[in-house]
Amino acid sequence: MTQPFPFSAIVGQDDMKLAMILTAIDPSIGGVLVFGDRGTGKSTAVRALAGLLPPIDQVASCPVNSASTEACPDWAELSDTSIVSRPTPVVDLPLGVTEDRVLGALDIERALTRGEKAFQPGLLARANRGYLYIDEVNLLEDHIVDLLLDVAQSGENLVEREGLSIRHDARFVMVGSGNPEEGELRPQLLDRFGLSVEVRSPTTIDDRVEVIRRRDNYDRDPAGFCAKWQAEDAKIRADILAARSQLDQITTDEAALIRCAQLCSALGSDGLRGELTLLRTARALAAFDKADTVSMDHIRRIAAIALHHRLRRDPLDEVGSSLRVLRALDALDTPDTTDDAESPAP
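Numbering (this note's numbering), first residue to last: 36 to 381.
FYI, nobody ran anything at the bench for these hints, they're computed from the structure.
All values derive from a computational prediction rather than experimental measurement.
C-beta atoms are modelled at their ideal positions from N, C-alpha and C, and glycine is treated no differently.
There may be inaccurate statements among the hints.
So the derived label-pair ranges between C-beta atoms look like this [said to hold, decoys possible]:
hint, residue 1, residue 2, range
1, Glu191, Gly131, 43 to 49 Å
2, Asp256, Thr148, 31 to 37 Å
3, Leu193, Ala262, 22 to 28 Å
4, Gly259, Glu105, 42 to 48 Å
5, Gln265, Glu217, 31 to 37 Å
6, Gly259, Pro129, 19 to 25 Å
7, Arg362, Asp49, 17 to 23 Å
8, Pro89, Asp115, 46 to 52 Å
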């Protein structure tokens with residue numbers, strides 16, 4: 036099997052790479068949506084993520100990747116209860132997938148050959164404690180979107196059909212990619228992605244040449260090319276593990292909390308999910324930077340990717356949503372001296 040393109044070898048696309056790293060540090064951020072032109076490395080980055088993520092410890096024969104036998108669902112038939120280390124699962128959810136394939140269903144073969152009712156786990160079971168990747172997420176059928184919304188909300192998959200009543204943990208990070216020219220994403224699903232990044236083709240000749248060079252080298256000798264970048268990927272993996280262990284020790288002062296609330300209020304984002312995502316993402320970035328506390332710089336660096344997909348559309352504002360976030364930050368950072376200027380001298 037050909038090794039995926041190394042994550043660290045991707046040229047540019049800094050926001051996309053940072054967003055994926057931060058969700059690996061803190062999965063509660065809620066996933067990444069990558070929208071952009073064709074051929075900009077969206078799928079390549081997700082495939083590369085699989086080789087970058089630290090492994091997880093799980094029960095060897097558990098169909099939902101449980102960390103202990105106590106966490107395994109009652110319906111699971113465990114043939115091997117030893118704890119093994121395996122790569123973090125990255126599961127593809129293809130277009131046109133059926134509901135049974137997503138949720139799981141009755142094992143028809145076993146029912147016919149042995150007369151037993153047994154549950155055949157679906158893609159959500161395989162994705163537990165890992166990543167669920169949806170390419171062309173904006174073209175996903177509505178009834179599958181509804182299923183994902185329910186599971187993303189509860190963190191649990193419930194299947195009741197054909198006389199079965201099955202439930203199991205389904206906690207995963209959703210990563211979606213798509214081309215905005217092919218259709219918009221339903222607002223309900225859009226809001227479930229913690230971070231959103233827009234990717235574009237490289238604009239400089241040097242960057243375009245470097246993309247061509249690296250891709251050509253990879254196509255001609257995948258093993259050799261991956262070996263060349265192995266140390267860089269290992270360093271990022273080590274930094275992710277270090278940040279995970281540091282995450283609970285990161286402090287957030289009152290000023291940072293106020294800035295998160297001020298920014299979301301100024302932008303008119305609905306609900307409080309924006310503030311919470313902004314805070315979690317800034318905290319993950321602080322841990323990745325090996326800082327002790329969340330700073331205003333951390334909030335500024337991730338504000339656009341955490342908030343721009345949550346903004347209401349303003350047909351009178353020609354500025355892009357990312358620039359609107361940065362403009363709001365600048366306004367908050369600039370002290371209002373109007374009142375002082377208009378006040379009469381004593």
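Enumerate the violated hints, using their earlier numbering and listing them in ascending order. Going through the list in order, the structure violates hints 1, 2, 3, 6, 8 and respects the others.
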